[in-house]
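Novice: From these two lone chains plus the hints, build me the complex, please.
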Amino acid sequence: MMRITAPELEIAVLVLGMVILMVEAFATKIDKRILAFAAIAGLAVVLVASFFVAPSPSPAQATGFWNFYTADRLSIFFKQFALLTTIVVLIMMTDYAPVVRSSFPGATPQAGLGEFFALPIFTCVGLMYLVSAVDFIFIFVSLELVTISFYVLVSFTRRNPITLEAGIKYLVLSALSTAFLVYGIAWIFGATGQTNLHRLTEALANPAMNHSAALLGMVLVLVALGFKISAVPFQIWVPDVYQGAPTPVTAYLSVGSKAAGFVVLLRVLQPFLVLPETQRLIVLIALLTLIYGNLAALPQANLKRLLAYSSIAHAGYLLIGVVCFDVRAITFYLVAYLLMTLLSFAVLIIVAQQAGEEISDFDGLARRSPFLAFAMLIGMVSLAGVPFTAGFLGKFYIFYAAVLQRQITLVVVGVITVGCGFYYYLKVVRAMYWQSPEKADKIPVNGLSRFAISALIISTIWLGIYPQPILDALKR
Amino acid sequence: MVLFTIFCPIVAAILIMVGAPARKTALAASVLTLSAALFLFASFGYGRGDFQHVTSFAISPEWRLNFTTGIDGLSLIMVLLATIVTLAAVWFAGAIDKYENAFYACLLFISGGAIGAFASIDLFFFYAFHELALIPTFLLIGIWGSGNRVAAAWKITIYLAIGSFILLLGLILLYQSVPLASRSFDIRALQAAAGLGQISADAQRHIYLLLLIGFGILVSLFPFHTWAPEAYASAPAPAAMLHAGVLKKFGLYGLLRLAIPLLPEGARHWTTLLVILLLGNIIYVGLVTIAQKRLDWMLGYSSVMHMGYIFLGIASATILATTGAVVLIFAHGLSIALLFAIAGELRKRTGTLVLDELGGFARVMPFAGLAFGFGVFAAIGLPGFANFAGEIMIFFGAFKNGWEMDRFHIFQIATVLALWGVVISTVYMLRAYRKAFMGTTSEQWRQLADLRPALHVPVMLLVGALLCYGFFPQTFVRMVAPAFRNYLAANR
Numbered sequence: 017m018m019r020i021t022a023p024e025l026e027i028a029v030l031v032l033g034m035v036i037l038m039v040e041a042f043a044t045k046i047d048k049r050i051l052a053f054a055a056i057a058g059l060a061v062v063l064v065a066s067f068f069v070a071p072s073p074s075p076a077q078a079t080g081f082w083n084f085y086t087a088d089r090l091s092i093f094f095k096q097f098a099l100l101t102t103i104v105v106l107i108m109m110t111d112y113a114p115v116v117r118s119s120f121p122g123a124t125p126q127a128g129l130g131e132f133f134a135l136p137i138f139t140c141v142g143l144m145y146l147v148s149a150v151d152f153i154f155i156f157v158s159l160e161l162v163t164i165s166f167y168v169l170v171s172f173t174r175r176n177p178i179t180l181e182a183g184i185k186y187l188v189l190s191a192l193s194t195a196f197l198v199y200g201i202a203w204i205f206g207a208t209g210q211t212n213l214h215r216l217t218e219a220l221a222n223p224a225m226n227h228s229a230a231l232l233g234m235v236l237v238l239v240a241l242g243f244k245i246s247a248v249p250f251q252i253w254v255p256d257v258y259q260g261a262p263t264p265v266t267a268y269l270s271v272g273s274k275a276a277g278f279v280v281l282l283r284v285l286q287p288f289l290v291l292p293e294t295q296r297l298i299v300l301i302a303l304l305t306l307i308y309g310n311l312a313a314l315p316q317a318n319l320k321r322l323l324a325y326s327s328i329a330h331a332g333y334l335l336i337g338v339v340c341f342d343v344r345a346i347t348f349y350l351v352a353y354l355l356m357t358l359l360s361f362a363v364l365i366i367v368a369q370q371a372g373e374e375i376s377d378f379d380g381l382a383r384r385s386p387f388l389a390f391a392m393l394i395g396m397v398s399l400a401g402v403p404f405t406a407g408f409l410g411k412f413y414i415f416y417a418a419v420l421q422r423q424i425t426l427v428v429v430g431v432i433t434v435g436c437g438f439y440y441y442l443k444v445v446r447a448m449y450w451q452s453p454e455k456a457d458k459i460p461v462n463g464l465s466r467f468a469i470s471a472l473i474i475s476t477i478w479l480g481i482y483p484q485p486i487l488d489a490l491k492r
Numbered sequence: 008m009v010l011f012t013i014f015c016p017i018v019a020a021i022l023i024m025v026g027a028p029a030r031k032t033a034l035a036a037s038v039l040t041l042s043a044a045l046f047l048f049a050s051f052g053y054g055r056g057d058f059q060h061v062t063s064f065a066i067s068p069e070w071r072l073n074f075t076t077g078i079d080g081l082s083l084i085m086v087l088l089a090t091i092v093t094l095a096a097v098w099f100a101g102a103i104d105k106y107e108n109a110f111y112a113c114l115l116f117i118s119g120g121a122i123g124a125f126a127s128i129d130l131f132f133f134y135a136f137h138e139l140a141l142i143p144t145f146l147l148i149g150i151w152g153s154g155n156r157v158a159a160a161w162k163i164t165i166y167l168a169i170g171s172f173i174l175l176l177g178l179i180l181l182y183q184s185v186p187l188a189s190r191s192f193d194i195r196a197l198q199a200a201a202g203l204g205q206i207s208a209d210a211q212r213h214i215y216l217l218l219l220i221g222f223g224i225l226v227s228l229f230p231f232h233t234w235a236p237e238a239y240a241s242a243p244a245p246a247a248m249l250h251a252g253v254l255k256k257f258g259l260y261g262l263l264r265l266a267i268p269l270l271p272e273g274a275r276h277w278t279t280l281l282v283i284l285l286l287g288n289i290i291y292v293g294l295v296t297i298a299q300k301r302l303d304w305m306l307g308y309s310s311v312m313h314m315g316y317i318f319l320g321i322a323s324a325t326i327l328a329t330t331g332a333v334v335l336i337f338a339h340g341l342s343i344a345l346l347f348a349i350a351g352e353l354r355k356r357t358g359t360l361v362l363d364e365l366g367g368f369a370r371v372m373p374f375a376g377l378a379f380g381f382g383v384f385a386a387i388g389l390p391g392f393a394n395f396a397g398e399i400m401i402f403f404g405a406f407k408n409g410w411e412m413d414r415f416h417i418f419q420i421a422t423v424l425a426l427w428g429v430v431i432s433t434v435y436m437l438r439a440y441r442k443a444f445m446g447t448t449s450e451q452w453r454q455l456a457d458l459r460p461a462l463h464v465p466v467m468l469l470v471g472a473l474l475c476y477g478f479f480p481q482t483f484v485r486m487v488a489p490a491f492r493n494y495l496a497a498n499r
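Top line first, the protein sequences correspond to chains A and B. Per my numbering, the very first residue in the first sequence carries number 17; after that it's consecutive. Per my numbering, the very first residue in the second sequence carries number 8; after that it's consecutive.
Next comes chain B alone, as it looks inside the complex (with noise of 0.2 Å):
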């Protein structure tokens, strides 16, 4: 089943490259990974820190490397997000003018990428994964994306390219800190060993250093962020969606996969810098994104801003926290994915995202209104949505590890800073609001349609994930915290 899950979409793409209708395939696909992802999900088997689903074949049994595919609670969740997003990003795509079929392979290719990431229990193939969304990524911003998408095009790939080599390197010294006896690029045997502590103190320094700055450029941790804005402002609404909603995630992903069971010396030894950077992230992106004019910028600077939240959860390294970084990578990845959607409706019809010139748009598209303000609201944290579950987790996680952790308490003074993350976000997020859809509606944008009725589905299913997840975190909490149990239990 996990195995359906990564290559319906590929397989699809590659249907739709060979000349089966685009759309309609995509769409198929997307149902069908949805409902594997979903059965996943109802016969996960709880309170099991484990693999469930395992599957693998041997590829390269003198590295003993081996494609293999299962899922615990920390990646089925992704993968469930993965799916959801790439069912409402491939709805609301709808007609593209110029190669279409290439336009839905590639976004499909993105998906089944970010799937088998989350899959994989192989670090290679977690790896290279990742890395086969990176040509479509290229090609969705360059042929179909707007504004300046030719530099946004360039800086996303090499920006990424060198980030994953990088991270390449950091695993490939993972992989050969290990004894030779036990060497392997399966996660199950390098959590064994990191369990006999044959991963070296200084060896996890290393490494984390490098994972860091590697996941740190997928996920556009600051100071590396500056590509996220630029390509999800030029981007087609899906590939903006799927991007800031599943694939960045994989770094953050890969941080709590790999650094929090494998290297916690390594993550106890830089906490400082990550916090300095997360605050970065929180305050200084934050007060940028409060400057910006355009309401697609925003997004993505919002979007940047977002993942300070979510680091702080990985580095405090409390059971707490580190659920509620998991709750929050889902309930950012379905807000964002929303917010793209309608602005990308918006562009379409206006032409423009500029704020200024926009205005009074409830008026006229009232659902688009609704739909945008439910993600405005799941942004900024409103109880109710899942948002606030997973930020309220970390801020409670991370404030209490500063009373453990005699260092400056460093991680009260980092989450007092980002509550006011919450207050600045609270203040790009409902200005961006007010100018788009409140006030009167200018001359100009009198005649502007709603969204069609058709594109109601990815909304309501959107939504209803953000709401159901928020009013009932419990069944999240309790599929992901088993996977952290183990290590953090013993971290401490």
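Here chain A stands alone, though its shape is the one from the complex (with noise of 0.2 Å):
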């Protein structure tokens, strides 16, 4: 059998994203919708040969490009998330086309939609190689990779006012927030003379060594990270961006975007976990993650903003992952994350375009399409936490690992997050089932859609019951 080393996924999904961009500019005639499926299908094709990817070697004996780069279990999963993830919204976009399309009046028919698909390829090499980034250069590189992409996808509708507001805002945000990884990076490179996060472990470890100038630094990249994740005090972005944004774009910045962010912070951290001011400064974010992301969405009524908030408060959940450093925790967590939020937003994408984004336009959806209704139902429910859903496993480990080491603040508080997390996802359900619709014509879904949403429903149960294929993923 052929051996493929990991960096080949990056660089055949690169090839991909040039190819389809090529194919963009000089095939004027085609729908550009083509395009969409063939970078499903070629990040299919990748997806597939990620699982035959010889491992790296160890990170005592690296040289050269491994320095920078690894290959271990957490990344090859990561890429792949990130990889499946990318499919998803593409698939997502396909349905958005239209909105995009009648978004530029007057233009050429389909201007801008070649772009649309391809700016996600890059981005998706960039959140590839992110989770494999072990020094602080390369992660520097590769999330301004992420970042720039980004910046084209969420003002990519820019008549609308609405999405040029996200637009300004992610930009000008995320580029102080770029400014603050810099300047960390500067200040732990200054204390220990070192970039590589291995030997950045040995040089902490050194008890001669002052540790406040790295601890500074440490807590600049945090910022840095904290706004990746969407981390209070960095969450100001966040709804307004995730309603701005193109929807697709909105499930991507929640989903890769905050799963890569959540590998570099583990990554990150351990360097620094022999310090204890490193552990409680987690705990407080952890705590005001939860705290506002889940009563801010309690009054929601944009089902985009709920979401929004939503994932502030799952940011929450993971911290204290985080702060247990839990590391197949996390990783479960943002499966199921990927799985119930993917899902949730699919369902939005369609019912958005008949109704609207409000969630008094999911009014009677039982009615107008029994499918969608049930699939947003388990969404909501995974969300919530529910048992036999994937969401709640999720929280089973994470709580787990917080009771095995007795944080039991974060645990009172996770509880009651949980509590009020119950109320405003079964808001959503409550206007599904309960309310009756305005319109009662039926809701298409075209079949492309109907196989992906059934996937993740099929897949948001089956992880639900039976967990043992993503902890194994990790172990081997």
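Derived from the structure by calculation, the hints contain no laboratory data. Take the hints with a grain of salt, since some may be wrong.
Here are the simulated DSBU-like cross-link-like pairs (lysine-lysine), alpha carbons at most 35 Å apart as the crow flies [stated by the list, open to error]:
1. B:Lys-355 - B:Lys-105
2. B:Lys-162 - B:Lys-355
3. B:Lys-442 - B:Lys-105
4. A:Lys-458 - B:Lys-355
5. A:Lys-458 - B:Lys-31
6. A:Lys-458 - A:Lys-45
7. A:Lys-458 - B:Lys-442
8. B:Lys-442 - A:Lys-455
9. B:Lys-300 - B:Lys-105
10. A:Lys-455 - B:Lys-105
11. B:Lys-105 - B:Lys-162
12. B:Lys-162 - A:Lys-458
13. B:Lys-442 - B:Lys-355
14. B:Lys-300 - A:Lys-455
15. B:Lys-162 - A:Lys-455
Covered by chain A, according to a simulated footprint, are these stretches of chain B (three or more residues, beta-carbon under 8 Å) [claimed, not checked]:
16. 64 to 71
17. 136 to 144
18. 274 to 281
Yeah, the Cβ is synthetic: ideal placement off N, Cα and C, and Gly gets one too.
Specialist: This is the structure:
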């Protein structure tokens, strides 16, 4: 069998993106959605190939390129995660294409569609590099690749003032957070003389060293990553950007960007765990994030905005996992989060085109489309954390780790906020099943979306009953 | 066979959602489930304290998490209760005006969840199956409820969700309190570990408190009871029957299943607290019940109040009283289901359940009057009904315990006060019965139709089970007592 090494995956995806852009530029007559289907097929091939990747050398004997880049279990797993997310997002984008098209009045038909389908591929490359990065320089470069392609994607339907506002906010705040990142890296480098995370661990373990400068650098890096994972108090941009961005992009931001952020956070924090201040700081951030995310979600009437706050809330639960440094709990939670969030967004995109994005637009959805209503029901109960869904097991593992480490405050706050979660997620269920619809016409769902949504439903329930595959994926 | 009783309702619910004829499928499924439960009952091996009909599937070897099901005397009685009430509830449901399929699917999900929880030997599934019923309950009250259904549905859902997560913490702590080598979600393994004294007294106290609060919220233990009357008053009758009759009993079952064998030290430590709270159930909620002006609210509060007796049986930790608690769980489940069913039929016909507006229904609806009368007398604890057997065992057992515990004779005092609860429940039950069914029939109710003959079947089923069990409680006692004998004997 042919041996594939991990960097070839990124190169393949990169080539795929360029080919799509080329075809986009020269073949003007075709239906641009073919590009999306080609991209989905290409990414699927890479996804399959990623299961046959050869392991990388261990960090101690790494040389050359492998100083920056690792292909351990965690990174391979999250490369697959990024590929899967991108595939689902591209499927959503084909559903969303009419909205993009109508947002450019007077322009040539299909203007901008090709780029809309090509950009996520580059984001995907960035995410894949990011989860492999073990050097601050490399983290910075790949983070920029992700962020810059998101700048374009977030403000893609730029004639819409809300989208434009979202784009500006994302641009300014993201640039600011990048500045924090670079400044933090500079401090850490100044204090320890290292940018490689593995050697940084050794440097910090040295008791003769003064830690305060490195700690300051870590706090600055934490600010930047807090922005990525939407942790309080760096969450200000989230509701507006999530609401304003094109919905598939919102889904991408809330899943792909966040997951990669958490992987980087885990990698970056690892050297600093020898310092007790770090954990106290993360506990505080986790508490704030849990409380703010859940309480602010309670009064929301717009579903996209609700999902934005819910994404902050879930960052809080994930941060509990970071406090306990339970990588598998975090991984499982992220997978569950991927499934249920993408499921909710996929339904939202279809319904929003017929009705709207307000929760009241979902009134009586059970009558207009039982399939979509059921899909949303599964998404919402999983987000809330009802057993036999992946979301419950995610919370279970997180709480398990927290109880094991006797993080009483986090557990107590976590349980109370779960109660809040039931309220705002079931608000959507209530709209779909209790209320009667304004319009009675059916909502059509095309074949590909129906397939994707069914697959997401089945995997949400499947992982809720049989979680072992995910747990095994990291162990081998 | 145990698997069949769990999955028959769930599969039927899925079939109904996909489009099978709702009522027929639901009835067929509940009849099948009941026959399966009766088969288990008939083939039960008496005198054994262990689980029978055990099947197990590995889910996560690393966590020693298996999907293990099986029954002992205690869970068999719970399964039997669940299947009987399910059949009655489905039968009473009749035609539903909107989303008929979803209605029956929700009922069957609640039923399947309850049966699954009772028959699971694995703690994880024990918990998860119970939660399966949460969303259907929310939908049942929200879509088909009456009165202030919105507030009621939110209240029950959020209360139960928080209660369950507190319970989950307790279960996680329980799992972690055992040394790594014997860590398992299997109740039998935990019992073995507890038998070796591997669960420290300190851990037991923490776990028991979490379990008491978690289960307490689910069973409407005072002061966590306020969700119950409101939810039962607003829920459609079949949902109230299933929830008050079966699902709520999950918390009591959990305490019996976990607290007594695994956490004797924790139970002893928190006895005083539990006794005070359960007296709150009996006396305070009892008095509140007397003050109710609507039949459905009165029934809701009365179901909260009766939980106090069962808690008394559990708290006293004698074999007699604990067995009595199980008997009363079964009896109360049947009688409250019967009462809610008849109240639901009344509401269908009259559109109101305000006691002052009702009156003289026994004249126009003799069968309903008779059935409600049976329910009332059972709830009061008239000899001949199973409730009497349960209550008397609890009182005797609890009173006896008072002598041996040198703690201010707390159980004697509690028993004496709880006996007054019998008087209280007699007052409100008989008063409600008199107001609704006795007296002169006012002009507007003259034309009311009695229950259809088809509905006589579920009534007979419930009353029959109540009576047969009331006259021959010994069959059940022989079934349940072995399940406790090891622990409570070691306890003394």
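Novice: If a hint holds in the structure, say so; if it does not, say that too.
Specialist: Hint check results:
1. B:Lys-355 - B:Lys-105: It holds: about 15 Å lies between the C-alpha atoms, which stays within 35 Å.
2. B:Lys-162 - B:Lys-355: holds, 24 Å
3. B:Lys-442 - B:Lys-105: holds, 33 Å
4. A:Lys-458 - B:Lys-355: holds, 33 Å
5. A:Lys-458 - B:Lys-31: Holds, because 28 Å separates the two Cα atoms, which is no more than 35 Å.
6. A:Lys-458 - A:Lys-45: holds, 33 Å
7. A:Lys-458 - B:Lys-442: Not satisfied, since the Cα-Cα distance of roughly 50 Å exceeds 35 Å.
8. B:Lys-442 - A:Lys-455: violated, 46 Å
9. B:Lys-300 - B:Lys-105: holds, 30 Å
10. A:Lys-455 - B:Lys-105: Distance ~17 Å between Lys-455 of chain A and Lys-105 of chain B Cα, so the pair holds.
11. B:Lys-105 - B:Lys-162: holds, 24 Å
12. B:Lys-162 - A:Lys-458: holds, 33 Å
13. B:Lys-442 - B:Lys-355: holds, 18 Å
14. B:Lys-300 - A:Lys-455: violated, 41 Å
15. B:Lys-162 - A:Lys-455: At roughly 30 Å apart (the allowed maximum being 35 Å), Lys-455 of chain A and Lys-162 of chain B satisfy the hint.
16. 64 to 71: Result for this restraint: holds, n = 4.
17. 136 to 144: holds (count 5)
18. 274 to 281: violated (count 0)
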